[in-house]
Amino acid sequence: MNIDWNVFMKGVQVAGLGLAGVFSVLILFFVVTKLMVYIGNKLEKKDSSQS
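Numbering-wise (my numbering), the sequence shown opens with residue 1 and increments by one.
None of these hints come from the bench; they were simulated from the model. Treat the hints with care, since some could be wrong.
What the hints assert, rightly or not - Calculated pairs, SDA-like style, for lysine to any residue (alpha carbon to alpha carbon, straight line, at most 20 Å):
1. Lys-42 / Phe-30
2. Lys-42 / Val-31
3. Lys-10 / Ala-20
4. Lys-46 / Met-36
5. Lys-34 / Leu-17
6. Lys-10 / Gly-21
7. Lys-34 / Gly-16
8. Lys-10 / Val-22
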């Protein structure tokens, strides 16, 4: 069995970039969700203070 190390390293690079992409989207989703909760709580406090 002979391994072509060039192809193997390119595969590892593609896998690493794929994982980096997945984790960056997850982090972006987390940040956007936290931001929406913060804005929602801020608007809710404004509405209750006006009543």
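Hints, verified against the model:
Proposed proximity of Lys-42 and Phe-30 is supported: the alpha carbons are some 18 Å apart, at most 20 Å. For the hint linking Lys-42 to Val-31, the alpha-carbon distance of about 17 Å falls within 20 Å, and the restraint holds. This hinted pair checks out: Lys-10 and Ala-20 have alpha carbons roughly 15 Å apart, not beyond 20 Å. Taking the CA atoms of Lys-46 and Met-36, the gap is about 15 Å. The hint holds against a cut of 20 Å.
Restraint check for Lys-34 and Leu-17: the C-alpha separation of about 26 Å exceeds 20 Å, so the hint is violated. Note on Lys-10 and Gly-21: the hinted pairing holds, with a Cα-Cα distance of about 16 Å set against a maximum of 20 Å. Under the criterion of a C-alpha separation no larger than 20 Å, the hint pairing Lys-34 with Gly-16 is inconsistent with the structure, at around 27 Å. A distance of roughly 18 Å separates the Cα atoms of Lys-10 and Val-22; the hinted pair therefore holds under the 20 Å criterion.
The structure fails hints 5, 7 (numbered hints given earlier, in ascending order).
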